[in-house]
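A.B. asks: This is what each chain is made of:
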Amino acid sequence: MQELIHRAKSLLESGEVSRVLGWKKGENVFDVEPAFFATAEELENFVYNGFCGANLSKYMIEASTWEGKTLVFLKPCDTYSFNQLCKEHRIDREKAYIIGVGCKGKLKAEKLGAENILDVQGAGYPDCSDTLKVTTLYGEQEVAYKDAMLERCHVCKGKEHQVYDELIGESVDTCDADRFAEVAKIEAMSPEEKFAFFQAELSKCIRCNACRNVCPACSCRKCIFDSTKFDSNQKANTTSFEEKMFHIIRAFHVAGRCTDCGECSRVCPQGIPLHLFNRKFIKDINNLYGEYQAGVDIDAKAPLTSFRTDDAEPGVGRG
Amino acid sequence: MPVNNENWKPTIVAFCCNWCSYAGADLAGSSRLAYPADVKIIKVPCSCRVNPMFILRAFEKGADGVILCGCHPGDCHYSTGNYYARRRMTLLFSMLDYLGIEEGRTRVEWVSAAEGVKFSETMNSFVEKVRTLGPSVRLGDLRCKN
Amino acid sequence: MYRIAKANLNALYAAIAASKELYLPVRSAGKTNFAAWTEGAEVDLDTLKTVRSPKDAFFPQSENLYTCDRTDGKISITPEALQEKPFVVFGMKACDVRGVAVLDKVFLSEPVDSYYAARREKGIIVSLACSRPAVSCFCQTFGIDCAAPEGDVATWMAGEYLYWLPQSEKGEALTAELAALLEETDDAAVAEEKASIAAICDRLPLKGLSLENWGAAAADKNFDSPLWEQLYKPCLACGTCTFVCPTCQCYDIKDYSTGTGVQRFRCWDSCMYSDFTMMAHGNNRTSQLQRFRQRFMHKLAYFPANNDGMFSCVGCGRCVDKCPSHLNIVKVIKAFGKEGV
Amino acid sequence: MQKIGVFVCHCGSNIAATVDVKKVVEMAAKEQGVFHAEDYPYMCSEAGQSRIAAAVKEKGLTGIVVCSCSPRMHEATFRKAAERAGINPYMVEIANIREHCSWIHKDMTEATEKAVILMRAAVAKVHLNAPLMAGESRVTKRALVIGGGIAGIQTAIDIADAGYKVDIVEKTPSIGGRMSQLDKTFPTLDCSACILTPKMVEAASHENITIHTWSEVEKVSGFVGNFTVDIRKKARYVNMDKCTGCGVCQEKCPSKKPLNEFNRGLNTRTAIYTPFAQAIPNVPVIDANSCIKLKTGKCGICEKFCQVGAIDYTQKDEIITEQYGAIVVATGFDTIKLDKYGEYAYNESKDVITSLELERIMNAAGPTKGHLERLSDGKAPKEIVFIQCVGSRCSDDRGKPYCSKICCMYTAKHAMLIRDKYPDTNVTVFYIDVRTPGKNFDEFYRRAVEDYGVHYIKGQVGKVMPQADGSLLVQGVDLLDNKQILKKADMVVLATAIEPNPDVRKIATMLTASIDTNNFLTEAHPKLRPVESPTAGVFLSGVCQGPKDIPETVAQAGAAAVKVIGLLAKDKLKTNPCTAKSDELLCNGCSQCANVCPYGAITYEEKLINDHGIRRTSRVAVVNGALCQGCGACTVTCPSGAMDLQGFSNRQILAEVDAICR
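Protein chains in written order, with the numbering used here: chain A, 1 to 319; chain B, 1 to 146; chain C, 1 to 341; chain D, 1 to 662.
Just so you know, these hints were derived from the structure itself, not from any lab.
Below, in silico cross-link-like pairs of lysine to aspartate or glutamate (EDC-like), each with a Cα-Cα straight-line distance of 16 Å or less:
hint	chain 1	residue 1	chain 2	residue 2
1	D	K199	D	D161
2	D	K219	D	D317
3	C	K207	A	E27
4	C	K74	D	E26
5	D	K30	C	D72
6	C	K334	A	E27
7	C	K331	A	E27
8	A	K185	B	D97
9	D	K488	D	D469
10	D	K350	D	D339
11	D	K30	C	D69
12	C	K254	C	E63
13	D	K488	D	E383
14	D	K23	C	D72
15	B	K9	D	E110
16	C	K233	A	E42
17	C	K254	A	D231
18	D	K3	D	E38
19	D	K106	B	D38
20	C	K254	A	D226
21	D	K458	D	D481
22	B	K118	D	D516
With the sequences and hints as input, model every part of the structure.
C.D. replies: This is the structure we're talking about:
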């Protein structure tokens, strides 16, 4: 971590970058917040540890409009989002100096019983340990690092940065599950089971828009759910429909653009597994139109803005 | 939720592209090829004009089935529109299936201007299917049903 | 003081639900939120904080105001019926009960919001002491004692019993209705529980959180502070903090087209949203900094300025737990407290 | 807020017999924003239209809904009527209560209910309609004709005579097409070449006509009035400017094996060849697949003998790009493959031939120099059996469902010519029906039967069996006598179905013109616009649109020419105003819309945006209204809803959805 701070300071001092976009210490070990640092003193609060799950790519949209370059720290999975945003002309590659940081898997404080945590040891970077020692208001406990990881880290796309100016720090492969297993499990359910499952999950939705606002693919200046263009700015939470409409359409709008960064599921206050929507589309796209990973190749044709004349017909495989 | 009420009439929205399917529907009309009056056609310039939002909106407001008809792949008046529509609808329908919405409620059919018979047959079979499924409840907004 | 065996709670719920609507924390799809009680519902009194606050019971996220209908060329307007059936909100925590007091200031002052007022009249609050306060809790800062919650009835969980103390006329009436299930007892167990809670509260990391530099006087003082510029940056402009908050009271009024007319409804809105109070000329707050500032200035300066010093934050800490960017009101309070203005 | 007038048409009894039009009027009057509702027997009539004008004037209407026949029929009529009444033509919407309602439903209650809903949807849409102004685009005063057969030649000559430039693109080495392969023509028995050659010469020598033979259309972009076309001029390996057409090269060419396409493969030609004597241009091409020099590098005999040095083995395909205002498709036909008709033994016996092959055999320039002889042994056939409807009027998927139209007549012609020239040869024709609806056609057929003794048998042939002695045994049925027939024949001629030239699919795709299930190009309207394709600026000439004989082809060719002339005579065209439009306040500049635009109509600009007082410079999409054709692909790709389609906006379509579902 000191290496990162050191490097950031020298880039700031040399004037190569005008600011640093990274993570800042919070009140507690786990409430790390994304932050811009303008000076070396501010960088004293810089932190990089197992709780730095936040994907900083999206902040580069605004940073691209500012004078000078921004040094941005990107984890391997964040770089996909960065690339995708470059592809969509939302961020300016020239305005970013990217330090690709190693990743050993990121943690979900909730899995450690976040509300009672006073301290966590073993989540530091680069020296994270296999076991986390968690001090809570009500005693101490040990939790395996793996058991506290974000869902997305178990299905990690790999620790290779897709875009960077320099790399600092090592990574550890954390992938130990099939990325599409959850989707496949739902696909195998009966329509009634599927409906019951999603109905239970989506009825928790409070329309807070955290999933949308954190999503690097949801980069619209004005979301259609906020604009009057479709009469879709209802904000209502009265029935079972609005949430479905919102999540289906959101998934559809990011289909072929979603890098599966998992931020939506990370931030949902109600713990709705929102990645299951996006990943369903990714699975379908891979199966029907060939493997496609958004954010790898800036020049690749996106699956929903291209076609083959012998594409599958809608409803293929239906009973 | 199949209903026993034989008087129940489904609400069916059919999006038809101007160049092929709408003309196909016209041909079905001028050939006096009957299909249920439950089907109401909305003209769009091309199947690629149909936003998934339109389809969800139809269900929200109480449609029991939504069908999209366009030119046969390769015959699109705008050359490529139905290819995009095909991918979009494939994904959308797959998502609706995934959410447990009965799959018979959505369909895409390619109907040319010369296929009045196909248009009529398609609508007959689609309406029949939706009738067996009964009123749509999984995607509707209760507010407009009271 | 009364008590009922925990094992017997279901009978209590059933008894309440027999004549009233009953809302209480129910666990569903992995999260606990207030919901209507039904036979077989997974009631969860152990989770300290429901994701959303129980303010829905009095101020629902969406509610119909009236319905206009145009049939055969004639327009009819039907106002939504006011709450008539009495209902019980069971298991509200001390902070959430205070949250209702904040809402009262808004909705019960002139002009009185009749929909809210009806719910307040019909609603009976059965509060529950917090046996395990959490690190994000700072209700003490607002003078709330989570060991002795307000409410029509206060309850405590201790040992194998739920202890029950009516604190108002409504509470006495409810207690009378449930007399068959409740047994009289002394205060000993509750006193012990209170002491235990107090001991935990003493160890809470936010115990000493000071509201120095806040309050009515802060309205002008803090407005132009350069601190906002630093604080707001990570804000995603989502509405999580607003929608989990027990005191946020902003709403939007919209029309839902039913085809033959509209249902005019109101729904929670968030001052963090870019389309909040959108008008023909645009928004009156044009940047996220302004929106961010508004939320905290409202809770900590404007609201006390207009309501005899009452803050519109109750220290429940939900926003602290749920902010996707780990921004929160505590960081804001501290930033101004530490550095002054 | 619109003031809407609803006009319900009875269409005589077409609508009124099934839909209670009074009820529709009554319900319309109750709709929000409807200030006027009335019905009339024929809304499209002068009187009907003037009622619209009167109501507009009297009630100050701003929008109009006509409940009538399909908008494909009369939308233009009512838009014009609205314009005359002083309303923007795009403030009119049609509720199709005839084709989509009264004609398909029997129950009056049901049909009326549906008509009311369709009316409501149209009213809901009109509420959100906005006046649209058509833009203008320039017209390139040059036409392209694809195909150099009689259809293409006639179209080109007619257009050229009107003073406009025309290019003909022909994929074979010469213009002339199928007609040049025919010997005589029915019902007058003119020599085909004698009437065609002067036309070919006229085209070739016309100052306004440019002919690109041995060329193919490679790419088409643009739109009516402004097409840009890439033409591939295939390497001829012969310099067109130098060649005198002396023919020495063809005499000397040592590669003599390739099948002669012009003679339907009945004999061979040389690697360097002109397809037929009267070819235009009279310049040979080298068939690169057969040329020894091009394949092995050795030979070069033609180059050696060419006195003017016209041979050029280094030639490469060349792509030229031209601008056109109109395109005429005249790609003609071919006979179907007979692989699926094993029962006729076409592939087994050389003496089972198609009618087109018989044309070549009968032709003096054909493989037998015009002598009627069996291709197997050169003997004169004494018994000839003609089989009609081979692949035509076919109910299974082996052949075509349609009637090829020309077979009855050319078979009568062949039978008559044979009986005339070889009176000792017996001719028998098996037919399903004899169809002779044309001027002097039936007379012609009767002459064959009555004067020339051609033996017509109503019935189908089940099987043709080649015999060991070289003869053919034809097994058929005589439906009139109701008996099986076994007939020995020396030659069997199959009236093979015709189908559109297989290349037409590719061309139709390039032109975005639609084709029917049989690959015939679709007309804009089967009765009223039979020579126009639904794609503006694309016209149809000849058999590519449907089977027809020479006079019909020539007539249609002339009709297509007139349509082209009418188009080219305009300096400017009104463009479709129903184009996409981007809301720059919402546009993200993400480029997704441009990726799906088939017309390249979307570009991006860095623009200073004033969003309610907040100024920023942003990359935003800009639509070129002249290029945009209004498909709407971009609108769905746009996640923010910035891109919308005028005339079919998101909110308009949603309003229709809401109205239908309510």
